[in-house]
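Protein sequences, first through last, are from chains U and B. Each residue of the first sequence is one higher than the one before, counting from 1 in this note's numbering. Each residue of the second sequence is one higher than the one before, counting from 360 in this note's numbering.
In case anyone wonders, no lab produced these hints; they're calculated from the structure. Among the clues, some could well be false.
Stated by the list, open to error - Straight-line alpha carbon distances no greater than 27 Å define the calculated DSS-like cross-link-like pairs of lysine-lysine that follow: (1) B:K468 to U:K238; (2) B:K645 to B:K661; (3) B:K528 to U:K351; (4) U:K238 to B:K535; (5) U:K351 to B:K478; (6) B:K645 to U:K143; (7) U:K172 to U:K220; (8) B:K535 to B:K661; (9) U:K351 to U:K62; (10) U:K143 to U:K62; (11) U:K85 to B:K528; (12) B:K468 to U:K85; (13) U:K85 to B:K478; (14) U:K238 to U:K62; (15) B:K645 to U:K296; (16) U:K238 to U:K172; (17) B:K645 to U:K246; (18) U:K85 to U:K220; (19) U:K85 to B:K645.
Because the structure is a prediction, the values reported are computed rather than measured.
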Amino acid sequence: MIRITTSDRYNITPLRSFMTNVVALGAGVLAISLIFLAAGVNPLYAVSQIFLESFGSVYGIKETITKAIPLILIGAGLTLAFRAKFWNIGAEGQLLMGAIFATWTAQHLGNALPSVVIVPLIFTAGFIGGALWGIIPAILKIKYAINEVITTLMLNYICAEFLTMLIVGPWKGKTRFGFPGTDALPDSAILGVLPGSRIHYATLILAIICSVGLCVLIYKTRFGYEARVVGENPDAGKYAGIDFLKTSLILMAISGGLAGFAGVGEVAGIHHYLGYPASVSSGYGFTAIIVAWLAKLNPLFAIVSGLFFAGIIVGGDAIQISLGLPAATVQIVNGLLLIFLIMGDYFLHNKVQIRWFRA
Amino acid sequence: MEELIISTIQRTMVAGTPLLLATTGEVICERSGILNLGVEGVMAVGAVTAFIVTMTTGHPWLGVLAAMAAGFAVSLIHAFASVTLQANQVVSGLALTMLGLGLSGMMGKPYVGRPLAVKMDDVAIPFLSDLPWIGKALFYQSPFLYLALVLAIAAWFLLERTRMGIQIKSTGENPKATETQGINVSLIRYACVLVGGMFSALAGAHLSISYSSSWVEGMTAGRGWIAIALTIFALWNPGRAIFASFIFGGIFVLQYLLQPLGISPNFLAMLPYLSTLFILLAISFKDPRRLNAPAWLGAAYKRGER
């Protein structure tokens, strides 16, 4: 007779935490292999190709870092929001809003100003755009008790339509010959890249600074402490007199602003013009949720986590072409990995013992 | 003019059908205390399953059954994670959405752009469909509409007038007290999540084999999320969900009605999502603390915990 008992686990060490994540990811990869089998693809080949394509060659690593930049930025911002249990699903919209604000700034001011001035300006504009889009759900949640999952999500759709409206209408470029999109950004506003790659290093440095900065913010400042209390024990927060509105506004401004930075990076660093929402962001806002979760809501770990998921995107794109798998494959991978990560959390907090009894 | 009104009503009913199905399912699920944010993903899986099975077997009703089975299977993951593993329900639901959208995209790829030979035909209710104005609009519709209405009314009856309904509601309001009554909270929650999943899958099936007879990736277009918002708007009451769903069906139809007026089609496309925000804002003015939400919605419950 088998008896399975669960009991609370008290000794959660960082090593155990890390190993649980590793095992969870491993189990996730196994599950993904099953899906690949069902799709008629050799799972060993597919999984190994994903990692070889993204980390196994210099070109792959460069592409991975390029795709990791927005993931790290948004992921770090999300760790802050999620710590306060503010479920910001709207990073896509915040990214696009940042891109919109940055494009406007670049096109109106870029021709007259040198790079040194315009680049910080567009990043600031992008931050403001993303922050504004992030503050709206914060106000709605705190003042009107409206579920932030829905508000942030709806704002995603609204911003995407707004962007499309802009680029097929008033912002339609004259040099685009009928294809929707703005004109190319002025040269001074375009971000420099590391030679031989697409890595726009300004945003990369910004991403790392933000990760570190957020880490300090969350663990070493009073604001970070208050944000954590808001998430972990709102009642205690109320009794301690924490201003929920101010805290939420600031943390959503930061989270949205970082997504805005990511948007600026994509437009000014990679595409050099503002196009359809789907071309500006390929689901970074949603992938960043998993990045944040894998990072155990620590913004510093978001750097590694972001690189990991960027690798999956790059590798996934590669096998999509070589194995004929649909683009949705990456979504499946992401979803499964997240599910297994969540399940891993259970085993981290509970000790499961399987005992064999002789009848 | 008369034609326009009739066709508007008709299209509103059609557009509201998937919303009603998904909302009813989500109401049942949330009433037991489990927040299921995976509705969009389950809907997509239901849509693609119904489409594939209908295309291969030629029987739409088999497609419906297959969709329900698929919805059951996929939401089992969320049920297991939320009820047994007491995981964070928000993240689990989001993961389910990603997984569902991804799976449906993968499964549906070979079928994109291939129209169904046999779709779910509209059914005329014998006597009522001959009524002058509303006959054609209301009673000559896809069976999904009638199914949705019947299920919503049945759900209302279940929740408000049966003993099981009281049990479901009390697991959502106070699982600890419910457990002391000897009711198996986990079982009820599992059942509610699975039923909710099946309904969402049905909504998806309507989209792919009745509303349109083709499969496109992303055909759910955020309806799953709107359904989640509608459960709040309906104050977790399936009866009000009927009302809420058809209002939103009307908003979807409004997009097409207003297009010839020269308003930007992108702005019109925003309407359902903007309306969701405004409606949520409107109820919160009446009801600032969301007093009607099940008290334990989204909170994990561990048996025996104090």
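> Tell me, which hint numbers fail for this structure?
Replying inline: The structure conflicts with hints 1, 2, 3, 5, 7, 9, 10, 12, 13, 14, 15, 16, although it agrees with all the remaining ones.
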